[in-house]
Amino acid sequence: MDTKLEKMRGEIRRRVGFAGGLAICLALLLIAVAAGAVPVRLDNPAVSEFISGFRFGVLMALCLYFLWRTAVYLRALRGDGALRRVYNREHDERAGYIQQQVGRSSLVINSALLLTAAVVAGSLSAPVFFTLLAVTAAQGMIKLVLCVYYSRTFTAED
Amino acid sequence: MKNRIKELRRAHKLSQSELADAVGTTRQTITSIEVGKYTASLPLAYKIARYFGLTIEEVFDFSEIEEE
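So the protein sequences, as listed, match chains A and B. The numbering of the first sequence is this note's numbering, which starts it at 16 and goes up by one. The numbering of the second sequence is this note's numbering, which starts it at 39 and goes up by one.
Since the hints were made in silico from the structure, they are not lab data. The C-beta atom is built at its ideal place from N, Cα and C for all residues, glycine as well. Be aware that one or more of the hints could be misleading.
Said to hold, decoys possible - Result set (DSS-like, lysine-lysine): computed pairs, CA atoms no more than 27 Å apart in a straight line:
no.: 1; chain 1: B; residue 1: 75; chain 2: B; residue 2: 40
no.: 2; chain 1: B; residue 1: 44; chain 2: A; residue 2: 22
no.: 3; chain 1: A; residue 1: 19; chain 2: B; residue 2: 85
no.: 4; chain 1: B; residue 1: 75; chain 2: B; residue 2: 51
no.: 5; chain 1: B; residue 1: 85; chain 2: B; residue 2: 44
no.: 6; chain 1: B; residue 1: 75; chain 2: B; residue 2: 44
Said to hold, decoys possible - For each label pair, taking beta carbons as the anchor points, the in silico distance ranges come out as:
no.: 7; chain 1: A; residue 1: 97; chain 2: B; residue 2: 51; range: 40 to 50 Å
no.: 8; chain 1: B; residue 1: 55; chain 2: A; residue 2: 120; range: 28 to 38 Å
no.: 9; chain 1: A; residue 1: 113; chain 2: B; residue 2: 106; range: 42 to 52 Å
no.: 10; chain 1: B; residue 1: 101; chain 2: A; residue 2: 39; range: 28 to 38 Å
no.: 11; chain 1: B; residue 1: 77; chain 2: A; residue 2: 154; range: 25 to 35 Å
no.: 12; chain 1: B; residue 1: 51; chain 2: A; residue 2: 96; range: 12 to 22 Å
Stated by the list, open to error - Which residues of chain B face chain A? A few of them, derived with a C-beta cut under 7 Å, are:
no.: 13; residue: 63
no.: 14; residue: 64
no.: 15; residue: 67
no.: 16; residue: 76
no.: 17; residue: 77
no.: 18; residue: 83
Just need the whole structure built from these sequences, with the hints factored in.
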């Protein structure tokens with residue numbers, strides 16, 4: 016277990032660097048966007064304003080998320096107990112099983128939603144229709160490739 | 039799957055968190071196993087049984103599987 020914990024400590028240190036660095040980059044980008052260095056210039060000013068606000072919100076949310084992750088990882092480095100709890104949480108078999116179930120269900124639901132959106136959008140815009148269709152096809156292909164990969168990974172030949 | 043984890047835990051005066059830490063899992067997983075909402079994997083079942091100094095069969099009830 017100690018070797019695993021030491022590995023985990025190294026992994027958490029890497030994550031602190033990654034999440035902290037990303038939070039700083041996002042904060043700088045946020046400042047640039049707020050200062051108007053990267054303006055959105057579209058024909059419709061209302062749409063431009065909406066996209067500008069949306070972009071600011073997304074950057075702000077991402078920045079806060081990575082700051083929070085950095086704090087979580089730094090807390091895990093305080094002692095063996097905290098690190099062990101993080102290790103157990105990340106390697107918990109039930110959590111892994113839940114993730115598998117969520118992934119399996121959401122893939123089917125997403126595909127159905129994308130196809131519905133493609134059918135609805137098809138009557139309004141051809142580019143949107145083909146984009147949604149392409150995304151649905153890509154999702155299906157990814158599932159197929161992953162199925163083949165994992166079938167081979169978990170199959171032993173004599 | 040029925041099991042004796044709660045009974046054994048109480049006999050050893052252990053909280054769910056303490057058992058979870060000892061066998062390398064989370065408190066939520068121990069709760070789910072205790073109430074039969076989740077079936078432990080073979081390695082986790084082994085760790086739990088070994089922690090109490092028992093065999094897997096002494097902790098987990100396999101009668102339902104045997105009936106199948």
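Tell me, which hint numbers fail for this structure? 2, 7, 9, 10, 17 and 18
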